[in-house]
Amino acid sequence: MENAENAEMIRVENLTKFFGDFAAVKEVTFEVDRGEIFGVLGPNGAGKTTLIKMLSTLLKPTSGRATVAGYDVVKEPQNVRKNIGIVFQEPTLDVELTARENLDFHGRIYGMDKKKREKRIAEVLELVGLSDKADVLVKKFSGGMQRRLEIARGFMHFPEVLFLDEPTLGLDVQTRRKIWEYIEMLRRDEDVTIILTTHYIEEAENLCDRVAIIDFGKIIALDTVERLREGIGKDSIEIIVEGNEFENLLKSQGLKVVKTTDGLMISASDGEKLIPRLFSLAQNHGIDIQSVSLKKSSLEDVFVLLTGRKIREESQGTHPMMRARRLRR
Amino acid sequence: MVEAYGVYILWLRDLKRYVRARSRIIGSLGMPIFFLAFLGMGFRRAQIPSLGDMSYIDFLAPGVVSMVVLFTGTFSGVSIVWDRQFGFLREIMVSPISRTTIALGRTLGGATTAIIQGLLMLFISFVIGFRPDLFGMLYSLVFMVLIAISFTGLGIAISTLMEDIHGFQLVINFFVFPIFFLSGALFPVKEFPEFIRFLTYINPLTFGVDGMRWSLIHYSEFNPLIDFLVIGAFSVFVIIISTILFDRTEVG
Numbered sequence: 001m002e003n004a005e006n007a008e009m010i011r012v013e014n015l016t017k018f019f020g021d022f023a024a025v026k027e028v029t030f031e032v033d034r035g036e037i038f039g040v041l042g043p044n045g046a047g048k049t050t051l052i053k054m055l056s057t058l059l060k061p062t063s064g065r066a067t068v069a070g071y072d073v074v075k076e077p078q079n080v081r082k083n084i085g086i087v088f089q090e091p092t093l094d095v096e097l098t099a100r101e102n103l104d105f106h107g108r109i110y111g112m113d114k115k116k117r118e119k120r121i122a123e124v125l126e127l128v129g130l131s132d133k134a135d136v137l138v139k140k141f142s143g144g145m146q147r148r149l150e151i152a153r154g155f156m157h158f159p160e161v162l163f164l165d166e167p168t169l170g171l172d173v174q175t176r177r178k179i180w181e182y183i184e185m186l187r188r189d190e191d192v193t194i195i196l197t198t199h200y201i202e203e204a205e206n207l208c209d210r211v212a213i214i215d216f217g218k219i220i221a222l223d224t225v226e227r228l229r230e231g232i233g234k235d236s237i238e239i240i241v242e243g244n245e246f247e248n249l250l251k252s253q254g255l256k257v258v259k260t261t262d263g264l265m266i267s268a269s270d271g272e273k274l275i276p277r278l279f280s281l282a283q284n285h286g287i288d289i290q291s292v293s294l295k296k297s298s299l300e301d302v303f304v305l306l307t308g309r310k311i312r313e314e315s316q317g318t319h320p321m322m323r324a325r326r327l328r329r
Numbered sequence: 001m002v003e004a005y006g007v008y009i010l011w012l013r014d015l016k017r018y019v020r021a022r023s024r025i026i027g028s029l030g031m032p033i034f035f036l037a038f039l040g041m042g043f044r045r046a047q048i049p050s051l052g053d054m055s056y057i058d059f060l061a062p063g064v065v066s067m068v069v070l071f072t073g074t075f076s077g078v079s080i081v082w083d084r085q086f087g088f089l090r091e092i093m094v095s096p097i098s099r100t101t102i103a104l105g106r107t108l109g110g111a112t113t114a115i116i117q118g119l120l121m122l123f124i125s126f127v128i129g130f131r132p133d134l135f136g137m138l139y140s141l142v143f144m145v146l147i148a149i150s151f152t153g154l155g156i157a158i159s160t161l162m163e164d165i166h167g168f169q170l171v172i173n174f175f176v177f178p179i180f181f182l183s184g185a186l187f188p189v190k191e192f193p194e195f196i197r198f199l200t201y202i203n204p205l206t207f208g209v210d211g212m213r214w215s216l217i218h219y220s221e222f223n224p225l226i227d228f229l230v231i232g233a234f235s236v237f238v239i240i241i242s243t244i245l246f247d248r249t250e251v252g
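The listed protein sequences correspond, in order, to chains A and B. If you count the first sequence from 1, position 231 lands on 231 in this note's numbering, and the numbers rise without skipping. If you count the second sequence from 1, position 175 lands on 175 in this note's numbering, and the numbers rise without skipping.
I should point out that these hints are in silico values taken from the structure, not numbers from a laboratory. We treat Cβ as the ideally placed atom computed from N, Cα and C, and that holds for glycine. Do not take every clue at face value.
[As the list claims (entries may be wrong)] Label-pair distances were calculated between CB atoms; the ranges are:
1. Leu138(B) to Glu190(A): 47 to 57 Å
2. Glu242(A) to Met162(B): 52 to 62 Å
3. Gln85(B) to Gly129(A): 23 to 33 Å
4. Ala134(A) to Arg44(B): 53 to 63 Å
5. Ala21(B) to Phe158(A): 30 to 40 Å
6. Lys116(A) to Gln85(B): 53 to 63 Å
7. Ala21(B) to Thr224(A): 44 to 54 Å
8. Gly27(B) to Glu190(A): 42 to 52 Å
9. Ala21(B) to Glu13(A): 40 to 50 Å
10. Leu161(B) to Asp72(A): 23 to 33 Å
11. Ile172(B) to Asp113(A): 33 to 43 Å
[Unchecked claim] Examples of chain B residues lying across from chain A (beta carbon under 7 Å, computed):
12. Arg17
13. Phe88
14. Glu91
15. Val94
All chains, full assembly: derive it from the sequences and hints.
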């Protein structure tokens, strides 16, 4: 970040949470600077929400420590709560109250006086485009509108740190893009530090300065989006072949190969030139390549290379035609 | 740590929601009205030895008003489970106000709605034919407040032990109803056989109902001072227990 002063907003050291024998979060360590948008990317059940709940004082860590805005989450939970805003995955609005009343209630419990509240309510409603719906009962709102109101409420009391747990979960594409814009705007206009969890690759890539990739409670990679991508080569090639022979062959050639549920994934810095080589290799050994696809490597590929799995197995198109089309990008 | 302002905010929210839920206000008064009207008519000429020549409806009305306070109070206490289910509790739990404040705010909010409902019921019973001592109504308000706080607090304590809203029926049928039937709200506890009567004596509502009846129609089975001390002590006890239990809850 450009912010030269050493403004560390969050420090997490070996944070661990057990539920019985199950370790939901395992010895997680990272730091986040002021003004950063920090992403926690991982599949469902990876421990993202548990991490956020510990940082927001809702759950007590089993071991390790964490400070948020300079306060220890276990020893000074009240001070932490004063300085953070949270938007949960599940709705937490009072649907029996209007948008304005929800925000007013929020402003009151964060100790804002009447004048400040009124001014701020108008401001945040404007920012999320709900000014004309201020006095409508929240139960009449659509899912996207409720989400926007939740985000507005999350930063209404000028928090130092804003936690967003899957902020666009289940929203349609347009609404999702809108919400990304609001988050960007927020960082620019309010100088707030944002931590967001997501299992949407595009969200992490588009929005975050740095991303921690988390799997089974552990951070398996942490860096800027660019460097994470560069680390595996700028292109990634997916091929579908029979048997294991080809995988071993490629490995013996010194290539970065990983077996996925669909086939093999190879990362390379110059994919276009690698493809002819792959075909001639296959031909020489009598191996039949069923399909090939080439794309610019994404955080998804980083995850696949590290774990052999995809972040969202269910949403991957497995039809060969789709792959062929991707090849002709 | 308790912040008076925090208590007020939570109280205000409960009242706003209460005033808005008109169908609930009327709906929840339905059963007690029918209890009072039909039991009152049905037992109009029944001879209950310990009542002497008192009319049954006069005996019954304070019991039914207590019933309303008991049910409304317990409901609103347990309704924290709804807030948990629908997420709103998290909004409060991550805010800077303390857990103790939250528990107290909810107790006072729920108790206030229970008292309003109780007063509405008292007014309706007036229409049905109940003739209480008008000055005694002030005393009865004291008992109503204590009953309301006791059982709203108890509802909150129970809610901390509940996983989800499915336990709600269980609480109503196996907790609230027995408390109601064993309180002397419908008939004098003296009429119970010996081995059951013991249960009425450990039921705090028994003393609340007796105090209400003493205030409104000058009939009581116990010394009204004892009534006051028992239900008063119980309400303090419940507030302490419910705040302790609530303080320990993690919101998963």
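Going down the list of hints, with the structure as the test:
Separation of leucine 138(B) from glutamate 190(A) is about 54 Å and conforms to the stated range, judged on CB atoms against 47 to 57 Å. Taken as a hint, the range 52 to 62 Å holds for the pair glutamate 242(A) and methionine 162(B), whose Cβ atoms sit roughly 55 Å apart. Taken as a hint, the range 23 to 33 Å holds for the pair glutamine 85(B) and glycine 129(A), whose Cβ atoms sit roughly 29 Å apart. Range check, alanine 134(A) to arginine 44(B): Cβ separation about 55 Å, and the 53 to 63 Å hint holds.
Judged by the Cβ atoms, the range 30 to 40 Å given for alanine 21(B) and phenylalanine 158(A) holds: they are separated by roughly 33 Å. Taking 53 to 63 Å as the suggested C-beta distance range, the pair lysine 116(A) and glutamine 85(B) does not conform, at roughly 32 Å. Judged by the Cβ atoms, the range 44 to 54 Å given for alanine 21(B) and threonine 224(A) holds: they are separated by roughly 51 Å. About 45 Å separates the C-beta atoms of glycine 27(B) and glutamate 190(A), a value consistent with the hinted range of 42 to 52 Å.
A C-beta distance of roughly 48 Å is found between alanine 21(B) and glutamate 13(A), which places it inside the suggested range of 40 to 50 Å. Separation of leucine 161(B) from aspartate 72(A) is about 30 Å and conforms to the stated range, judged on CB atoms against 23 to 33 Å. Separated by about 42 Å at the C-beta atoms, isoleucine 172(B) and aspartate 113(A) satisfy the suggested range of 33 to 43 Å. Nearest Cβ of chain A to the Cβ of arginine 17(B): about 5 Å, under the 7 Å cut. The hint holds.
About 5 Å separates the beta-carbon of phenylalanine 88(B) from the nearest beta-carbon of chain A, less than 7 Å, and the hint is met. Because the closest C-beta pair between glutamate 91(B) and chain A is about 4 Å apart, less than 7 Å, the hint holds. Given the 7 Å rule on beta carbons, the hint for valine 94(B) holds: about 5 Å separates it from the nearest Cβ of chain A.
The earlier numbered hint that this structure contradicts is number 6, and it is the only one.
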